[in-house]
Amino acid sequence: MSTADAISLLESWLQKRLPEQQQSWLHEQIDKTLLSNSGKDLYITLGLVPRKLSRHDLDLSAEELAAADEARTGWDPSLWNIAGAARILVLAKVAQSRGDAFGQQYQELCRTADVSESIELYAALPLLPASKELDQQVGEGLRTNMKAIFESIAHRNPYPRETFDENRWNHMVLKALFVDSTLAPIQGLDERANDELAGILCDYAHERWAANRTVTCELWRCVGPFAKAERLDDLSRALHDSDDPDSRHAAAIAIAQSPQADAKNLLAEFPELADAVAAGKIYWGNNQSSPLVGN
Amino acid sequence: MMFIDPHAHMISRTTDDYEAMAASGVVAVIEPAFWVGQPRTHVASYMDYLSAIVGFERFRAGQFGIRHYCTIGLNSKESNNEELAEAVMEILPRFALKEGVVAIGEIGYDEQTELEDRYFRAQLELAKELDLPVMIHTPHRDKKRGTTRSMDVCEEHGMDPSKIIVDHNNEETVREVLERGYWAAFSIYPSTKMGNARMVDILAEYGAERIMVDSACDWGISEPLGVAKTARLAIERGIDKEQVRKVCYQNALDAYGQSGQMKEEDWLNPPPVDQRTVYEGNSILRGGRDPVVEEAAVKRNADNLLIE
Numbered sequence: 001m002s003t004a005d006a007i008s009l010l011e012s013w014l015q016k017r018l019p020e021q022q023q024s025w026l027h028e029q030i031d032k033t034l035l036s037n038s039g040k041d042l043y044i045t046l047g048l049v050p051r052k053l054s055r056h057d058l059d060l061s062a063e064e065l066a067a068a069d070e071a072r073t074g075w076d077p078s079l080w081n082i083a084g085a086a087r088i089l090v091l092a093k094v095a096q097s098r099g100d101a102f103g104q105q106y107q108e109l110c111r112t113a114d115v116s117e118s119i120e121l122y123a124a125l126p127l128l129p130a131s132k133e134l135d136q137q138v139g140e141g142l143r144t145n146m147k148a149i150f151e152s153i154a155h156r157n158p159y160p161r162e163t164f165d166e167n168r169w170n171h172m173v174l175k176a177l178f179v180d181s182t183l184a185p186i187q188g189l190d191e192r193a194n195d196e197l198a199g200i201l202c203d204y205a206h207e208r209w210a211a212n213r214t215v216t217c218e219l220w221r222c223v224g225p226f227a228k229a230e231r232l233d234d235l236s237r238a239l240h241d242s243d244d245p246d247s248r249h250a251a252a253i254a255i256a257q258s259p260q261a262d263a264k265n266l267l268a269e270f271p272e273l274a275d276a277v278a279a280g281k282i283y284w285g286n287n288q289s290s291p292l293v294g295n
Numbered sequence: 001m002m003f004i005d006p007h008a009h010m011i012s013r014t015t016d017d018y019e020a021m022a023a024s025g026v027v028a029v030i031e032p033a034f035w036v037g038q039p040r041t042h043v044a045s046y047m048d049y050l051s052a053i054v055g056f057e058r059f060r061a062g063q064f065g066i067r068h069y070c071t072i073g074l075n076s077k078e079s080n081n082e083e084l085a086e087a088v089m090e091i092l093p094r095f096a097l098k099e100g101v102v103a104i105g106e107i108g109y110d111e112q113t114e115l116e117d118r119y120f121r122a123q124l125e126l127a128k129e130l131d132l133p134v135m136i137h138t139p140h141r142d143k144k145r146g147t148t149r150s151m152d153v154c155e156e157h158g159m160d161p162s163k164i165i166v167d168h169n170n171e172e173t174v175r176e177v178l179e180r181g182y183w184a185a186f187s188i189y190p191s192t193k194m195g196n197a198r199m200v201d202i203l204a205e206y207g208a209e210r211i212m213v214d215s216a217c218d219w220g221i222s223e224p225l226g227v228a229k230t231a232r233l234a235i236e237r238g239i240d241k242e243q244v245r246k247v248c249y250q251n252a253l254d255a256y257g258q259s260g261q262m263k264e265e266d267w268l269n270p271p272p273v274d275q276r277t278v279y280e281g282n283s284i285l286r287g288g289r290d291p292v293v294e295e296a297a298v299k300r301n302a303d304n305l306l307i308e
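These protein sequences, in sequence, are chains A and Y. When we follow this note's numbering, the leftmost residue of the first sequence carries the number 1, and every step to the right adds one. When we follow this note's numbering, the leftmost residue of the second sequence carries the number 1, and every step to the right adds one.
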């Protein structure tokens, strides 16, 4: 399976969902854009897509989503909409045909993109060839103040897991918390957890506590496997947070993951919680609205 | 009552203003590209400005449950810098088809120079090519003749008056604008343009057909609640509610809706993708609170001590 297969899949989903007239319009625009070497046709095509096609959800079936992941590991178009998907198809086809020149074109598109376009340009990453320019542009995208644009990179996107160095990864996770986003939809969250990040997150929890603000339970997910020494004190504090059952559950999972042998003693006070974690009844899932499962 | 403010430079306004506008019933604003108080000297700063009004400002408004639209254009003052103007004309097509762009504007005359005339005409042609409505800024000085001239030039270019909104009208210009078939917008802007009591008198005289009210709020001393306050004053002074709804909501929607980019569903029943990304929903439409016009003034008060 390859990017080309993924692009064909995307094309077939649109074919199934677009009325015939819109389908042929899109085909003509794509052909025109591919033939022309000027950026102008590409700008006009991308500008016209949402004026011609609907913004309704693409609404892919479980089978279609499974096929997506099989064609391109980690590709998750579950929240894409029709016009957005069509724009991404245009981008992917242009990238295929322009080769190395596409990186600069991509940056130029991002430079004057509106909100939806920015979201779609970043959501397209799994179908675009990696390059220095894309990498630079993604760094720019992460600095945005617009949550939905940040999430188009961070959430349901294999690009960060595959390409980010540790510093960029850690700052993406931390920023997700800062902008009141969630961690569950970040691909590779557990696999890319690291000691440095665990330290940053514990510091962040202290800042929140000092300001009398709540600490999201998701934070502990990246701490558990690196929970030693004073980080265990932080987990103990979360474990005793009687106002927030999610926090207690999250802390219990994290403590169970600690590499420190005596960490489990912290759970002695809460045998039921310890049993539930050990039996796999409480665990981290990937559901954005309730990342903790089984509580 | 729901309101649209079809001329508001939100990029110059604070979050308090957004809150107050949403609380007063404003569901949508149109942000015309304009002069930011001092001249831009490079096309790149123009580009970033246009990016901001199709991007961040749209997002910012959405956080307050207000739908944000904009118009794209080269304003009359900066048309006088030929080098800049030429470069801006080159990049306008890149922005004119962005989501939420409802017109080419605000364009027209300031000092009625030759260069202003050249770029006004070029942008009328662009609007025709892209089939977009036009928002015309009528000049502050020599207004009456400038307004007449703006319409003459539109007709020379074969423009359809029903797709053109002539803004910043006053008692001296309104009759001709309406008689020639254009939309007549009024900016309720303290001291310089139009007061709302005068506006109510105009409504009493001319009715509501093709008339709309805006705030034109910007970096100057201006009033982001211009539309809501005018509506309330008009009702208090006996103007029919349906007439008020037309000039403070429906006419703006009808005029700029001709772009295909602005629909009532955008705020009444937005597609799920918008709610995930750019629009957090209006508290009034969610059955929140009654319109409170004065609330913002109370909030910005040094006696209100706690910041959390």
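Be careful, since some hints might not be right.
Selected chain A positions facing chain Y (Cβ under 10 Å, derived; list incomplete) [said to hold, decoys possible]:
id : residue
1  : Gly47
2  : Arg51
3  : Asp114
4  : Val115
5  : Lys147
6  : Ser152
7  : Ala210
8  : Thr214
FRET-style restraints, in silico, Cβ to Cβ [said to hold, decoys possible]:
id : chain 1 : residue 1 : chain 2 : residue 2 : range
9  : Y       : Tyr206    : A       : Ser54     : 36 to 42 Å
10 : A       : Asn37     : Y       : Glu111    : 39 to 45 Å
11 : Y       : Leu306    : A       : Arg51     : 29 to 35 Å
12 : A       : Asn37     : Y       : Pro272    : 33 to 39 Å
13 : Y       : Glu242    : A       : Ser290    : 46 to 52 Å
14 : A       : Glu196    : Y       : Ser12     : 50 to 56 Å
15 : Y       : Gly238    : A       : Glu28     : 38 to 44 Å
16 : Y       : Tyr206    : A       : Asn145    : 30 to 36 Å
17 : Y       : Gly238    : A       : Trp209    : 24 to 30 Å
18 : A       : Lys52     : Y       : Glu155    : 51 to 57 Å
19 : A       : Lys52     : Y       : Gly238    : 28 to 34 Å
20 : A       : Ser290    : Y       : Asp303    : 39 to 45 Å
The set of hints was computed from the structure by calculation and includes no laboratory data. All C-beta atoms, glycine included, are put in the ideal place defined by N, C-alpha and C.
Do the hints match the structure? See the list:
no.: 1; hint: Gly47; in the structure: holds, 3 Å
no.: 2; hint: Arg51; in the structure: holds, 6 Å
no.: 3; hint: Asp114; in the structure: holds, 4 Å
no.: 4; hint: Val115; in the structure: holds, 5 Å
no.: 5; hint: Lys147; in the structure: holds, 8 Å
no.: 6; hint: Ser152; in the structure: holds, 8 Å
no.: 7; hint: Ala210; in the structure: violated, 14 Å
no.: 8; hint: Thr214; in the structure: violated, 13 Å
no.: 9; hint: Y:Tyr206 / A:Ser54: 36 to 42 Å; in the structure: holds, 40 Å
no.: 10; hint: A:Asn37 / Y:Glu111: 39 to 45 Å; in the structure: holds, 42 Å
no.: 11; hint: Y:Leu306 / A:Arg51: 29 to 35 Å; in the structure: violated, 47 Å
no.: 12; hint: A:Asn37 / Y:Pro272: 33 to 39 Å; in the structure: holds, 37 Å
no.: 13; hint: Y:Glu242 / A:Ser290: 46 to 52 Å; in the structure: holds, 47 Å
no.: 14; hint: A:Glu196 / Y:Ser12: 50 to 56 Å; in the structure: violated, 42 Å
no.: 15; hint: Y:Gly238 / A:Glu28: 38 to 44 Å; in the structure: violated, 56 Å
no.: 16; hint: Y:Tyr206 / A:Asn145: 30 to 36 Å; in the structure: violated, 44 Å
no.: 17; hint: Y:Gly238 / A:Trp209: 24 to 30 Å; in the structure: violated, 59 Å
no.: 18; hint: A:Lys52 / Y:Glu155: 51 to 57 Å; in the structure: violated, 31 Å
no.: 19; hint: A:Lys52 / Y:Gly238: 28 to 34 Å; in the structure: violated, 46 Å
no.: 20; hint: A:Ser290 / Y:Asp303: 39 to 45 Å; in the structure: holds, 42 Å
Comparing the model with each numbered hint stated earlier shows that hints 7, 8, 11, 14, 15, 16, 17, 18 and 19 do not hold.
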